[in-house]
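A.B. asks: Please arrange chain B on chain A, whose structure you already have, making use of the hints.
Residue numbers (our numbering), protein chains in the order written: chain A, 1 to 259; chain B, 1 to 259.
Certain hints may be false.
For identical chains, the list gives no copy identity; a pair is met inside one copy or between any two copies.
16 angstroms max Cα-Cα, derived EDC-like pairs, lysine to aspartate or glutamate [as the list claims (entries may be wrong)]: (1) Lys148 <-> Asp62; (2) Lys78 <-> Asp65; (3) Lys53 <-> Asp255; (4) Lys148 <-> Asp65; (5) Lys73 <-> Glu8; (6) Lys39 <-> Asp88.
I should point out that these hints are in silico values taken from the structure, not numbers from a laboratory.
Number of protein chains: 2
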Amino acid sequence: MNKLSSIEVRNKARNGENFTTSGLAQGYVQTNVVIIPKKDAFDFMLYCQRNPKPCPLIEVFDPGDYESSFASKSDIRKDIPEYKIFKDGKFSSNSTDITEFWRDDFVTFLLGCSFTFENELMKNGLDLPYFKQGKNVPMFITSIDTEKSGKFSGKMVVTQRWIPREKLVRSIQITSRFPNQHGTPIQVGNSSEIGIEDPYKPDFGDPWIPENEELIPVYWACGVTPQIAIQEAKLEIMITHSPGKMFLTDLKDEDMAVI
Amino acid sequence: MNKLSSIEVRNKARNGENFTTSGLAQGYVQTNVVIIPKKDAFDFMLYCQRNPKPCPLIEVFDPGDYESSFASKSDIRKDIPEYKIFKDGKFSSNSTDITEFWRDDFVTFLLGCSFTFENELMKNGLDLPYFKQGKNVPMFITSIDTEKSGKFSGKMVVTQRWIPREKLVRSIQITSRFPNQHGTPIQVGNSSEIGIEDPYKPDFGDPWIPENEELIPVYWACGVTPQIAIQEAKLEIMITHSPGKMFLTDLKDEDMAVI
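Bound conformation, chain A alone (with noise of 0.2 angstroms):
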């Protein structure tokens, strides 16, 4: 499945397929989704403008539009393995298909996502052991506000990944190409200034006991961010993709990196 074209991966999600898109078409940039309606849509959008490295703004649409510019002959209410609907900001149903749901004035929202970044850290010698074990990174609810607009208020939400003291550096040089995709990091080693009190048991994802103590907690902020922001601003209606099934574009991970 690694082999396969960001639009073949697409289409296997637009043929009813439902599956995790973690490792799929190694290079295409995949992207945090949430669809909402045109009345929030500036005040979230000016939520990600002022929290750019949580949220971090790859494309919006026009109200309406279900085509991604960065993704060929594409449809957003049906590309995506699995989605999730919210109402009155509590989780409704699942569905692999939201064409019944589709409003005229919806507005979706592609985010950066952290898989690009993760790509080049691999490349670049670094280990991250949930992708081999098949977990999922840990995810720590911070102590950082973010800025607030409108209704979208909340905590920072971070990925922890431990890094060997001689990739440190690196590891910030390689996030920086990147501030699409999260950027570099908001914390390097001191868990407990961003109010991180057990470093070893995540709000989300799986726990990431390091077996070396030469590897330091390093801290990225990440796509949940917004995701909480949304749920607690109650919209009527919100749908996003399912946790890592994610959407694909044709964009190439090396198109996003600024340097």
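C.D. replies: Quick look at chain B alone, frame taken from chain A:
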């Protein structure tokens, strides 16, 4: 005046003085300013998101707000040396204070400006003669269409700088550090490829006739692009800074660098 702090420059403007800000409060980030009604703000923010090189968003205010988060005790209605007021797409008047025109539904956009990277180019030994001669950088309307959003569309406007061949790589490196100040060039060397028939006859600003044949014309996206897009959108009302009379933030140029 170049030794003034940003707040001192803002206070001069608040006291009604009318002056160009080029070279003032060096090292502080200056911004282009666009103020429009809320009903058009989503489409305009989307236009900026789709065209980040000519329209790099530094800050978007909440509707009705007039203090910048990046400028202590600032008041965007008074702290710019001169404003231009447009009604139904036509220039209406200049003013040094827009308090009387202010509305609770006005949304203020601060956009990055090339002063930031010009400081860096000069620190690195690039000669920008229009500064010494008290002239303006040459600007050209290209054949490149920007990405449309709602009523907002138009050709990309670029600034032109003649760069010595041996400084070309360095000048690309320097500007790549500042994606929020137009970033890397959009064209190197081939003026006609972007629709510039005569590189010595700019559409705006002053001509720059190079005396040395080893100078290469290099083009960067320009903040005049959104101003033209907005004028053509013929909004009921829009207020901008007057050219060269920018808003001074308390951000330092280095705060803007991604690496």
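A.B. asks: For each hint, tell me whether it holds in the structure or not.
C.D. replies: Verification of the supplied hints:
When the C-alpha separation of lysine 148 and aspartate 62 is checked against a cutoff of 16 angstroms, the pair qualifies only between copies, where the shortest distance is 10 angstroms, while the shortest distance within a copy is 24 angstroms. Taking the closest pair of Cα atoms, lysine 78 and aspartate 65 come within 16 angstroms of each other only inside a single copy of the chain (13 angstroms); across copies the shortest separation is 40 angstroms, beyond that limit. In this homomeric assembly, lysine 53 and aspartate 255 come within 16 angstroms of each other (Cα to Cα) only across copies, at 15 angstroms, whereas the closest approach inside a single copy is 18 angstroms. Only between protomers do lysine 148 and aspartate 65 lie at most 16 angstroms apart by alpha-carbon distance; the minimum there is 14 angstroms, versus 27 angstroms within a single protomer.
With identical chains, the CA atoms of lysine 73 and glutamate 8 are at most 16 angstroms apart within one copy only, with a shortest distance of 11 angstroms there and 54 angstroms across copies. Taking the shortest alpha-carbon separations for lysine 39 and aspartate 88, only the intra-copy value of 14 angstroms comes in at or below 16 angstroms, while the best inter-copy value is 25 angstroms.
The structure is consistent with each of the numbered hints, conforming to all of them.
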